[in-house]
Structures are given as structure tokens and as C-alpha cells.
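These are the residues of each chain, in order.
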Amino acid sequence: MVKISFEKLNSLFEKISEKYDLFVPTKKNDGQSYFEKWEQGKTVSDDLNTVRSAKDFFFPQHEDIVSFKLDGKNIEITDERREVRPFVMFGVRACDVRSFSILDKVFLSEPVDTFYKAKREKGIVISLACQKPSETCFCTTFGIDPTEPEGDIRAWKGNDCYYLEGVTEKGNALLSELSLEECDRTEVDAQIENTKKILDRLPLGKLDTDSFGGDKLKELFDSEKWASLSESCLGCGTCTFVCPTCQCYDIKDFETGHGVKRYRCWDSCMYSDFTKMAHGNPRLTQLERFRQRFMHKLVYFPANNSGEFGCVGCGRCLNKCPISMNIVKVMKTLKGEN
Amino acid sequence: MIEEVLIPKLGVVTDIRIDTPDVKTFRVVAPDGKKVFEHIPGQCAMLSIPGVGEAMFSITSSPTNTEFMEFSIKKCGCLTDWLHHMEVGQQVTIRGPYGNGFPVDTVFKGKNLLFIAGGIGLAPLRSVINYVRHYRDSYGTIDIVYGSRSMDDLVDYKEIINEWCVEEGVNVHLTIDREQEGWDGHVGFVPNYVKELGFDTNKTVIICGPPIMIKFTLAGLSELGFDKTQVFTTMELKMKCGVGKCGRCNIGSKYVCKDGPVFRCDELDELPNEY
Ligand code: SF4
Ligand code: SF4
Ligand code: FES
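Here the protein sequences line up with chains P and A, keeping their order.
Heads up: the first sequence begins at 1 in our numbering, then just goes up one per residue.
Heads up: the second sequence begins at 339 in our numbering, then just goes up one per residue.
Accuracy of the hints is not assured; some may be wrong.
[As the list claims (entries may be wrong)] To give a feel for the contact side, a few chain P residues facing chain A, derived at Cβ under 8 Å:
1. D113
2. C248
3. R283
4. G336
If you're looking for bench data, these hints aren't it; they were derived computationally from the structure.
Ideal Cβ positions, reconstructed from N, Cα and C, are used throughout, including at glycine.
So that you can see chain A by itself, here it is in the shape it has in the complex (with noise of 0.2 Å):
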């Protein structure tokens, strides 16, 4: 029979990682041992266990990773909890790619890029900053502004510190809401840190965070001569199909899943305001 789309395939949790209070990430390859499918950076798939869920989440590992696919995820609700609880071993259902993925070789080719997260925000655009690590040369300055509550957090922290940071041209401002022992970083909000470093507008912009920091980030991206244009962005709507045809997702005309997640602001502006 052909494919159909609304049925999954099978994955396999080979790792988990531990990587705040509330957010863990989790390997999945295929029973095969192989990745289950490719994806661009950007790109959901739905993953889910049977008699408990199915939910959307980003895929966070970058596609230049040939061996797995990681999902940094947020314990929100009842799919989530039940995924934190899991083992190492344990099979869940998985569909996708979903969704139309970040411009990586087209608008941000030779750009200087600006990424600017919050909380778990970084899930998404993670795939994307290792995928331009990776092809360094085709991408111009890397700058990276990351944010979370406490330093215990930050997603990632990890990796930020022994690969982002050490790697040369690209340039990584963390910053946490409240002074915290054994920090000596930058403290306070997102937006003022944007505000505060200043950029020049010679950069292309990927944001994503809580719907409050990206709307305060945005403010102050316009005060500093940055341009709508310039700036992506993620969205996360409830879904269930994922291929634009059970009616769940849209703002306006747009369906957040097959025509989305990745929106240009201004192109959001032509949308209603409801998300």
C-alpha cells in the first residue's frame, strides 16, 4: 500500500540527557540503528507514545549529524512527563519532517547571523547554529544571545561552553534573568542584553523564545534600525495531522505546519494577531 503520512515509523530512545530541571534531550534513531529520515534545520517531527500521546516537537540536532536525531523537550504536560520518565531502550513513534524549515542555503547563505533565545527557545534554533558551524565558511560573523531564568536553565549548556564558545568567529553572549552563585556572567533580560550589545544591522536575525521576550526583543531590534525583513522566527501552535489538513493550526491562511513554523516577521505582520 503507499505511504500514508498519518502513520508513524518506529524510533528508538538510544540516550538521554539531562539537561536543566525540566528539560531533557533524547537521541532517537531508528530500530535499524539508522536515522529515521533527514530534515532541514528548523523542521518538526511528531513523536509519540501510543495510549499516552502525539505532540509536535523541533528537532534540535543539526541535519550534518548522520547518526541520530535529538528533541530537547520541555515536561509540560501529560506526553512529556511520561517521555521523562522513559529509559534508555525504550521505542516511540515518530513522523515527519514537518514544516518548511529555516532558509539555511538560501536567504542566510553569507549572511552574518544574529540567534537570539530564550529558555527553551534555543531547541530549534540549535539545529540550525551547528548546521552554519558546520558549512562555517558559507555563513559571514556568528553571534549567539542566550538566556534563561537561572544559569541551571540554560539548555545545552554544555555544548554552548566547550564548542560554542571556544570556536573562533563565533561569538556567544549568555545572560540569566537573576544573580545566581557561581555565575559571573551577564545578568537580566533578554531584550535589554540585545539592546545593551547594540548590533550592527548588518546582520539576519533568528529568534525564538517565550512569546513576551520575542515581542520585547523585537522592539528593540527595531530601535537599534533592524528591519522586519530581517528577522525569523519560529512558532508553535497545537497540531495534529502536521500536513495542513486538520484545521488545527492555522493564524489566518497559513498553516503554522506545512506552511510554517519558520515565518519572516513581516510576514507576520500580514497575519491576524492570533498566536
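This is chain P alone, in the form it adopts within the complex (with noise of 0.2 Å):
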């Protein structure tokens, strides 16, 4: 284990700086916190979540994917795909980094997502140890352990430094780039233990999933609970944008003016057109999207996953539905809690 003191850490900054973009999340003036790419005079948010989760840098909003050059009945077509710069993101929470190996099944399993991939492979994740994990935190739902995350190599800060401890063997290489000063585990330990008293008393630290899972589909999918629960949803998608596993995507074309851009965007089950084709809609109210959505989390996905969730509890959907609905209370209600 080594440390960094937090006097040292703008120099520690500029130095990865040198060869990586750097991205740190920090506070916007709406107080909320968003990943930035780092420059002298920004600093390191406390926040757990980011608006935006980290997804955004594997799975950006939008990126181009080909064009075109229409002439005549002639095409040309050129590949959008660029070089991607190394990178390093530092301050990525348990939840979040738990998310990438959740993207990490749908976008590099055959055939390989070859946007997704070239991103992954030039990042290196720094995650970041939580220290107050909130009231809408449940990753520890998920076996995830907020205390000591997985990436590349994990943070965790202290009264006066940041330790740092190298995971994978990306995040080793990086940490003897920067020769850092070794130092013991005593504070770090000692913080962890008082971390796991916090995530002992978290309301919705142990949800039940039992009642979940790809066994449970059709007396799920069958539910009478869906029409009440997604009764007031406004199909707004909120909830698919803000959360990290979401990674349902559009294709569409754009005119430039001198000739076509094909690019992928996020999109949102929540929508009512997600389904829509020239002959009909299999999912033609939002009964059916907003099932859509929970079960593919907490059914479809350990179908075809080996009963890992799609959700990692990061809270965002419960604090971002303007109706206040969101997982949990989905979860619940399903089993007959609420």
C-alpha cells in the first residue's frame, strides 16, 4: 500500500496528467458532481454518486460509428472509429466499477463491441472507498463491498492522504510510474471497520433477492403488481439514462449536409417508440416498458448471466424518478412488502 497526501495530490494529478487525460469528479455549480476531465484548481467531489454515472466513459451518450458519401448509386463508406488516448479515472465508486463488469458481459461477449472494448482497454480505473454510505446506498445487496471496491487500483482517504493499492496489473503498472511513499494498512483497517458499522444499519443494505432471478420469470412476468406500480410512470426514462447497467442503444443517421454520419445513442426502454414498427408494438403501454425495464434487471439479465443482477444499487434511480418510484420499491412490491 502506498499514500499520497493530499498537499502532494494536485502534483500526483499533473504528473498522470502527463501521459493519460485525467478525469476526477467534482462539484458543478448546481452542487451536484459530475467526472470532469482534471486541470490545475479542480478538486476531488466527497459525493458518492455522480449525476452522470461512469458508464459515460465506455459507453458515451452518443458516438459516431461510420459515414457515408452518397453519389448517385454509388456509397462510400468510411469507419468513424478513433484512436482512443489512455486514461485514468480517479474516484470511481464500488457500484459504479461493479457496473463495468456488468458492460463488460454485453458488450464483450462475441460478437465484441469494438467502441466499448478500445475504451476499456486504454482506461484505468482508480475506485474510490465509501466512508458514509447513504440511506438509498444497497450495493451491499448485491455482494458488492463499497469499503473495498474493485478496479484497477483502489483508493481509500484518509485524514490527511489518499492510500492507494494496486488491484489488477494495469493498476500496479501505473502505481510504479508514480513512486509513491509505502506506508501500513492501520488507518485504512481502521476506517473499513467503521464503514461496515454504517453499512450494518443501511435501510436497504439487505434486500431480499431471493424472489428473484431467471427462474422466477413467468410468475413475475405475470404479476398482477406491474398495473399499480407503473401507474403514475411518465416514461420520462430518467431512471435508464442516470443508472449505470443500463446500455440499450439507438442507430440513426444524421444529414450533415455533405453527406451521412451513422452514430449509437443511448436509448430507453421507458419510451413509448423503443418497440414500435411498421405493423404493430409488443409493448404498447407503459405497463409493459416499465416491466420491461425491472425485469430485464432483476430476471432476464441472471437469466443469461448466471444469476448476477443487472442493478449494482447505486441509488441513483431512487433519487432521480420524479415520481419517486425506482427499484426498490419495485423489488418490494413484487414481493409483496409494500
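Using the supplied hints, reconstruct the complex from the two chains, each of which is provided in its own coordinate frame.
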């Protein structure tokens, strides 16, 4: 384990920035945190959640796929993939780090999504342990340990320094480039113990997941509860856009004036035209769309991924839904607890 | 750079056949005149005109055709309208093949096959029919029940009459919904016709057509004693990526683009009724 004092953090970030694009969570004027490219004067926010999850780094809101030049009956196709500059993300929380391995299961399975893969290979994740998990956090429900997050390097914020520990080969390589001061784990261990006590008392920390999973497909799909659960859903899609594990996308063409650009962008299963075809729509009402989102996380994803759930308990959908609907309410209601 | 599935290849339309008032069949090859890629009967491809749209179509030609691929496309929206207006020589973009295809070299081998199609539903089956005709000795009897609104709406009519109907061991049963001048064949809906024909259950059934036709035909087949495990169908849902990643085409935990589009009917029963 190594450490870096708060005073020296800026020079460390400067050093990292020489070779990498460095991103850190910083507070904006709206009082909320966002990952931004680090530059002198930007400080690391202590907020647990950034408004937009860290999935943006690997699966951005939109990216170009190809461009076309049309000339009479002829078409010219140009690959729009770009070289990715190596980058480091500092301060990613345990829930968001786990979301990467969930996205990996989708984008790195055959046939590999080369857009995602290129970014994944060039990105180094420095995670940051949580000390004051909030009432809306329930990552522990899904077996995530926020005191010892995954990532290439994990970090803890101490009283006057950050502690860093290499996890993967990539992480260790970066750490050795930085040549930081060796130290012992005393403060870190004490912090972990302390945080664990808080985690034990979190209201949503140990939700029962036994009623969910791939083998519960029919009974959950046919539940009468979906009607009341989905009743007030606005279909705004906020929950899907802030969610670190939501990965649905659309492919669209854009006339640039001198050709056509094809790009992909986030889409939402909460939208009415998501599955609409020329001759009909299998999800006609918000009930079906709402059900799809939660069935995907709690049933379909585990069915295809050896039982792993498609939620990391980050709490974003609890904080952001305008009608205060969320996955926790859905789980509790389906189980008959609400 | 390594190949990316979302980046399409170029295709050239070398022939356009008018099948019905709203169906045309397009022949597509690569710019070098060769086939763009190989496929299994029942698989699909993403065709696109940049700036207009991209959509999934079943490949109607058989893989045994070594020269080109064909797509029978019904006019029903923006992209298909555009395709119907294009002329020979037009380039399109194409990517694929996608999906599982029919188990022509495993489950179907040595079986008596009964094909049932309605309207444009013949398009995906034509690939299988021509495949099994090509390897005729590997399969048992072949029956084809095909119906459409009218005589003019039968897709591939020429090929059916000139090739399928005259081939020994291939029984073609055509029907149209209503009486029509010049038609002396059967009149009536496909599900009823199948029951009238009263097939022996020693057959594997491959069915494709409008959902309502499939529903009633399945009921008829079950009356005749067929089991759902003997019946295969192919599904159509909205698609974008074609590779199980954009999250659009799932029925329960199955992605039609990747796990389908071909399903055995008992497998469909295991999935939520959302298609
Ligand atoms: S469903 Fe909600 S709590 Fe779960 S990962 Fe998505 S935004 Fe976070
Ligand atoms: S659940 Fe809430 S955030 Fe999600 S679409 Fe409905 S109203 Fe919007
Ligand atoms: S078309 Fe994208 S998941 Fe099937």
C-alpha cells in the first residue's frame, strides 16, 4: 500500500495528466458532482454519486459509427472509429466499478463491441472506498463491498492523505510509474471497520433477492402488481439514463450536409417507440415498458448471466425519478412487502 | 483495425423482380460481383440506405445459391418505400448474417417436412425450401401450404409454379382468401386449409406468416395431433444492432436477433407472451 498526502495530490494529478487524460468527480455550480477532465484548480468531490454514472467513459451518450458519402447510386463507407487516448478515472465508487463488469458481459461477449473494448482497454479505473454510504445505497444487497471496491487501483481517503493499492496488472503498472511513499494499513483498516458498522445499519443494505432471478420469469412477469407500480410512470427515461448498467442503444443517421453520419446513442426501454414497428408494437402501454426495465435487471439479465443481477444498488434511480418510483419499491412490492 | 459488426459492407442491387403489388425481390451482391457473405436458411441481414434507415430482412435465397443473395421485401414504411423505388445498380449497405437459422442440417435431416406460409411469410421459408430441394435425398416428403389474400399476392408465384409444383416428391397446396377470376385452385384461409388437408403427424412443421394465421394454424395442428415440439417458426421484432446488445428485440430473456429468429413452438411457450 502507498499513500499521497493531500498537499501533493495536485502534483500527482499533474504527473498522471502528462500521459493520460485524467477525470475526477467535481462539484459543479448546481451543487452536484460530475466527472470532468482534471486541470489545476479542480478538486475531488466527496459525493457518493455523480449525476451521470461512470458508464459514460466506456459507453458514451453518443458516438459515431460510420459516415457515408452518397454519389448517384454509389455509396462510400468510412469507418469513424478513432484512436482512444489512454485515460485514468479517479474516484469511481464501488457500485459504478461493478457496473463495468456488468456492461462487459454485454459488450465484450461475442461479437465484441469494438467501440466499447477500445475504451475499456485504454481506461484505468482508480476506485474510491465509501466512508459514509447513504440511505439510498444498497450495493451490499448485490454483494458489492464499498469499503474495498474493485478497480485497477483502489483508494481510501484518510485524514490527510489518500491510500492507494494496486489491484490489477494495469493498476500496478501505473502505481509503479508514480513511485509513491509506502505505508501501512492501520488507518485504512480502522476506516473499513467503521464503515462496515454504518453499512450494517443501512435501511436498504440487505434487500431480499431470493424472489428474483431467471427461474422466476413467468410468475413475476404475470404479477398483477405491475399495473399499480407503473401507473404514474411518466416514461421520461430518467431512470435509464442515470443508471450505470442500462445499456440499450439506438442507431441513427444524420445528414451532415455533405454526407450521412451514422451514430449510436443511448435509448430507453421506457419510451413508447422503443419497440414500435411499421405493423405494430409488442409493448403498447407504459405497463409493458416499465415491466421490461425491471424484469431485465431482476430476471432476464440473471437468466443470461449465471444469476448475476443487472443492478448495482447505486441509488440513482431512487434519487432522480420525478414520481419517486424505483427498483427498491418494485422489489418490495413484487414480494408483497408494500 | 479489427472488424466491427455495426460497420456495414457494400452491396449492389443487380436485379429487381416485382412479385406482388407490394412485394419486390432484390438481388444483392458485393461490388466485386461475389456474394457478400454466406448464411444458413432462416438467417437475416441488416440492409440500409444511409440517411433513410436500416432494418432487418430475412434472406430469402438459399445458401446453395453461390452467386447472390435475395431479399423479398414488402412495402410498409419509410425504408421499404425507398427500396421499392430504387433501380438496378443502386448500392445499399448490408451487414450480417444474424440469428440462429433453421436446424436444416440437424433436426430437419431425414424428416418429412411441412411448410406453412401466409403472404410475405413465405420469404424466410423460401430459403429453407430451396435448400432442402437442393439436398433432396437428405429429407423425406415435402409439403408446402401457401396462402395469400389473392392470386396476385402470392410471392414467388413463377418459381412455385415452374419449379416447386413440377418437382417430384414436393406437394404444393396453394390457397387464396377469396374467389378470383382466373383462379381454379383452393379458396379459403390457411388454417382451415391445413385442417382440410389433414396431414399425418409424422412431419416437422415450419410455419411463418401473420401472427393471427400462426395462432389459428397452431390450434389446427394440435387438433390434428401435432405436438409443439414438432413445429418451428420465425419471429419478427424491431431490431437495431442484430447482435443482442442494443436491448431492443427481447422476448423475456431471449433476444430474437441472436437466440432467434427461429424458435421451436414449445420454446416460445416458455417465454412471456410479449410479441
Ligand atoms: S436500477 Fe437504479 S439503483 Fe440499480 S444500478 Fe440502475 S440506477 Fe442504480
Ligand atoms: S420510473 Fe420514474 S424515472 Fe423511470 S421513466 Fe418512469 S417516471 Fe421516469
Ligand atoms: S437487435 Fe439489438 S438486441 Fe436484438
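Hint check results:
Among the interface hints, the one on D113/P holds; its C-beta lies about 6 Å from the nearest C-beta in chain A, closer than the 8 Å criterion. Checking C248/P against chain A: minimum C-beta separation of about 3 Å stays under 8 Å; hint holds. Interface restraint check: R283/P against chain A, minimum CB-CB distance 7 Å, threshold 8 Å, status holds. Using the Cβ-Cβ criterion of 8 Å, the hint placing G336/P at the interface with chain A is not satisfied: the shortest such distance is roughly 21 Å.
In summary, the structure is inconsistent with hint 4 from the numbered list given earlier, while agreeing with all the others.
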